[in-house]
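Enquirer: Chain residues, written in single-letter form:
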Amino acid sequence: MTTTPEAVRRASPRSRRAATPPDPAKPLLPATEPVRLLDPAGTPLRAPADYPEPPVEALVEMHRRMVVGRRFDTQATALTKQGRLAVYPSSRGQEACQVGAVLALRDTDWVFPTYRESMALVSRGIDPVEVLTLLRGDWHCGYDPAERRTAPQCTPLATQCVHAAGVAYGEAHQGRDTVALAFIGDGATSEGDFHEGVNFAAVFKAPVVYFVQNNQYAISVPLSRQTAAPSLAYKGVGYGVPSEQVDGNDPVAVLAVLTRAVEHARSGQGPFLVEAHTYRMEAHTNADDATRYRDGAEVEAWRDRDPVARLETYLRARGALDDAAVAAVAEEAEAYAADLRTRMNTQPTVDPMSLFEHVYAEPTPQLVEQREQVRAELAAAQDEEGER
Amino acid sequence: MAALTMAKALNAALADAMLDDDRVVVFGEDVGALGGVFRITDGLQARFGDKRCFDTPLAEAGIVGFAVGMAMSGLRPVVEMQFDAFAYPAFEQIASHVAKLRNRTRGALSVPIVIRVPYAGGIGGVEHHCDSSEAYYAHTPGLKVVTPATVQDAYSLLRQAIDDPDPVVFMEPKKLYFSSAEAELPATTAPIGRAVVRRPGRDATLVAYGPAVPVALEAAEAAREEGWDLEVVDVRSIVPFDDETVTASVRRTGRCVVIQEAQGFAGVGAEIAARVQERCFHALHAPVLRVSGLDIPYPAPMLEHTHLPSVDRVLDTVARLQWDDQPDGRWLSRGSAA
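So the protein lines, in turn, are chains A and B. Per my numbering: the first sequence ends with 429, consecutive numbering throughout. Per my numbering: the second sequence ends with 345, consecutive numbering throughout.
Any given hint might turn out to be false.
Ranges between beta-carbon positions, derived for each pair [to be verified]: (1) A:A342 with B:D37: 45 to 55 Å; (2) B:D57 with A:A379: 53 to 63 Å; (3) B:M309 with A:V391: 29 to 39 Å.
In case anyone wonders, no lab produced these hints; they're calculated from the structure. Note that the coordinates shown come from a computational prediction; the quantities given were computed from them, not determined experimentally. The beta-carbon is built from N, C-alpha and C at its ideal position, and this holds for glycine as well.
Just chain B, same shape as in the assembly (with noise of 0.2 Å):
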């Protein structure tokens, strides 16, 4: 076995699919003779021509409408969406026709297409390149939306993405691109639609996904020192979403905290933690908590290690856990507001 990082996995991926089925097409801003600005589809237009890998105009609402309409002819389009703040003019495209056409249709028409979207920050980028977005996907039915947090499920995730009946979503965090791991391809992992245990532990259990993943590890590691076994589990898909394996876990752990990089306010965490909450009421000995984001717009380079869940953010929250049986002070204080 060999070190590969994410991004030569998802480059595999995409080979491999198109070596696999003709009606495979990439297409993108930059995904040609340069492989896209990260080389996630590097080599691809060399290997396979420029029918099967082409560039486009730059126009995001353009490149996703395209997709639609090659998808009504049969074609299984990937994009590219340079960048997550840039996939915004698609939006109608996605919300109004991607995620409803099978709907409209009676299922007479579908979009197996495969939107990837570059997304989330931790690389210092300026403003518009390190939105995380996946919320706005996950509130629109008719989509699905994954996300890899290892260079496994980068590729076999994205695999799954191509071959999957629906539209997805597949948010790539931008940060663990050049991550690596000893993997061999081709890899197959846990399908679309399935959590995944990533460590086990008993007292507590962080939900993460994405970027947060290795955070949450990370966290878990460092909370042994304090004498804290905690699993973590991986979302892989935020929709379908894996209530089973994630409430199963909280029901063993009887604590949960839920981890996202994105902005908090109405985000998957919340869904995330409504749901653990509904489901695990009775076996929980603490509130469900939640680390994200600052819900504020993404921030300048220099101050988003302050925005950002950090191992530190973390085990501060894992700390209020009431692991003493006592309520949690902040809520019962006069000056909060809730």
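So that you can see chain A by itself, here it is in the shape it has in the complex (with noise of 0.2 Å):
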């Protein structure tokens, strides 16, 4: 048999591909750079193809919330120290991913915050009032989950992952489009439920977006010791979940980011994870003294990358913003705090009764037998301090 030129022609493109098959991991790898929109001074980069510059209506809005949204930060920290809150951990500077996150999604999506992500609460519409309430040491969650598609604030670490896959494979079964966003610190993707919630969520093909803020410290441990990995987006391509890495810090690049992994989820690819480069600029929490493990060089560097100046000279620029709208916003965030300071001003009152109520939908006979003893110890209480 002989070989003719054609049949040498046809075979040829068969055996490069066996060649150099292609590598099935490569389309969920992220860039090996973080994407962005704008650089650090707020000047626009080329927007690349995946990620189209969201609507300037958005990022005006964008800024607004941003805004109004450090201005509660702060509030929050004042309060802490007079005391009103027992312990307010801050997101300032991660103030792009807050709200970028909360105008990626929909009203009826569901959002898994951790305790850093009250500004996001906030930014979602939920009154600061019932935001704070956990912090203020009344009951745990002051807002209505249900209602509002947002989680408690959750404190273990990671275990949210695991009940947005849920929440976004349970919404699917019946029917609905809804997405998760969960969101996550860079210490907690050392967590098995990270892990387990990731890979619970791509094996079920789950509408859910792994919201990633990597602000360099969990507490007081650096990135270095949480993970070898070159970037924390890597995470994903050991679970077949596709994933992207961006400056945290450029409003722009998180809002194009997040709402196409939002796309993602809910055209029913499954998961995508996203890591945001980002810095946490306060401490941990107010109890919290930074100064012990970092460098005050190190803030500083950051803090020219301020995600809201670099916003706002970027609209600026675009003629979206004058000095009279970025008066108005500031105005409006005055006048956020000054409400929000004015409310939180009182002492929540708590009923002891209130200890009995929700530990099931109906109290055992034991609680009922402890609510008669506390019933009776407080009005013992109150007649001793009657006859005083």
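Fit the two chains together into the complex; they arrive one by one in their own frames, and the hints show the way.
Expert: See the structure below:
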């Protein structure tokens, strides 16, 4: 049998493909560098084809919410110093992530926040007093999570990653196109539940966006102690989950990347993982002393990448914001903070009887007994006070 | 009526619940095509499809956390932990979320899920397959903890657990899976929260649950030869606990032995003994005694019969209930640490 040139031509592409099969992991990997649409000074960069710039109205709204969010954050920190809050984990510096995540979602989508997401919750329209209920020592979740489609702020690390997978799968199971977005920090990506959550979401093609805010520290432990991976976004590929990394202090890029991630999830292609490189400008909480583990120069360097200033510069240059608009937003933020201050300046009333209300749908006989005991103790204490 | 095993009754309870309520979904490890390692989910996937009964990745925290999310979306998940000790990775999800979500959200969210846990020993299982883990769950407010000892209860309690508005840890005594009884399904027995007198008697009360109930019944039968007429109370529902039934029985008999298969220290039996002593002090003719597993990690299969509460150990304990109204010498000897 002789080989014709035609046969060689037909055979060669096949043999070339056989020699270098396409890498199935490649489409899942993030870009080598974080996606960035604005440079740190607010100058626009060429938008990559996958991440078109969001509409300018969305960016103006994002700016408004970031300014209000930052003012809320400052006010919450002040309330802690005044003793009105037991503790407050600030997300100052992470405004682009906090607000971008909310803007990428519909009101009917589910959000799974951690304790650092107070700003995201107020950005979602939840009353700030309700958001701070947990931190002022009143009951653990001040808002109605079912109505707001926002889970209680999660303190155990990464456990919410599995809940997000379950809710997203459950919604799809019942024919609804809900997306769930789980916030998670860099440290929590070391927890087992992060991996189990991402894996479950992937196996069941659940519409979840896992949004890692890598703010460089887990309390005091730096990222280098959490992972040897080139980027936290690489954690998706092992589970068959596409991922991206983004400059978390570039609001335009954050919104662009999260918008695509949410679209990916909603279109039935399963979960998507985003790592945002950002920085926690404040200590872990007011109870922490960040000078013990990080350098002031490092913090200063991140100050130059401030997300709020960056977006404002860009929108001014585009003519979408002027002095009057910026002043109006600042005024709105001040009024928001003043209202919060006033309403937080009262001591919440708590009812000891509420201790027994929601342990079970109906209290057990043992709880009924204990409730009566507490009731009697309180009555006795009141009588004693009356006699004095 | 036909003879039915506890395994079949549990299987029927799941099938009937799935038939009655579209929101009921069953998942876990090997529960699909295989029907579970104990075949409790046998045939469910074939009958209801793999959206209603499905296998998951091998990750227990994932299984329980997934169920939490699904419950938040309005479903009623029933999950299987393959063995008692394999449920430990899920403990954080159970203790921090399943048990607390209703309380944390002031009733806005509830987690009406059922976590089925095959538990306890007596089947010659190797290590990590025989733990009696009920006390961990019973110690966690917000969870209900239920354990059947009869075929009828297996069916009825599981149906009730699935319908319950609260999360239920459903502890299935492995060694009773293939015990059988004449039973007609659907069976309706006493509600969750109620204990049941399995055998009436006048002289002393044996309080037992799960795998210890048949031991108690056998001991009560054997005790007739010694002239003791023993009452046996099956706790069924560890949480909520039925003080009323247990207390009424002990007040009648004046003597009480609590029997559990789990190691004794800080166990459910200790709680029951304390409650009985508090409530029945003036009716008691003897201290409340306990028969339990030894305070050791679950032993090698060839030694498990020494560890597990036996009829003889129960009878020896009953003999110490001060029938002659004399103090128990064990507590008086100088060598006793107590």
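Enquirer: Determine for every hint whether it applies to the structure shown.
Expert: Quick rundown of the hints versus the structure:
1. A:A342 with B:D37: 45 to 55 Å: 53 Å, holds
2. B:D57 with A:A379: 53 to 63 Å: With a Cβ separation near 56 Å, D57 of chain B and A379 of chain A satisfy 53 to 63 Å, so the hint holds.
3. B:M309 with A:V391: 29 to 39 Å: Check failed, 57 Å falls outside 29 to 39 Å.
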